[in-house]
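Enquirer: Generate coordinates for the entire structure from the input sequences, incorporating the hints supplied.
Residues in the sequence shown are numbered from 1 upward in steps of one, following the numbering used here.
Read the hints as simulated data drawn from the structure, not as lab findings. Predicted model only: the values in this text are computed from it and were never measured. Using N, Cα and C, we set each Cβ at its ideal position, and we do this for glycine too. A couple of the hints might just be wrong.
[Claimed, not checked] Derived Cβ-Cβ restraints for the label pairs, each shown as a range: (1) Q10 / G54: 53 to 61 Å; (2) A36 / Q10: 23 to 31 Å; (3) A19 / R48: 33 to 41 Å.
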Amino acid sequence: MTEALLPYEQGLARFAPGAPNSGSVIDRGIQKLIIAVALGTLAEISFRLQKTRGEQ
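Expert: Shown next, in the form of structure tokens:
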């Protein structure tokens, strides 16, 4: 039941324009997730460092 809403090619063209297949869409999503987690971690480290430096 992979064609519940649209045929595969039409669904891919509508929801992920320019993507050659659904695997590349998943890969891009995972890359964006990893980048977001890394940036969030760096932001938390920065806030903690500012807080500890401000208290000294």
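Enquirer: Now tell me if each hint is right for this structure.
Expert: Tested hints:
| no. | hint | in the structure |
| --- | --- | --- |
| 1 | Q10 / G54: 53 to 61 Å | holds (55 Å) |
| 2 | A36 / Q10: 23 to 31 Å | holds (30 Å) |
| 3 | A19 / R48: 33 to 41 Å | holds (38 Å) |
This entry satisfies every hint, going by the numbered hints stated previously.
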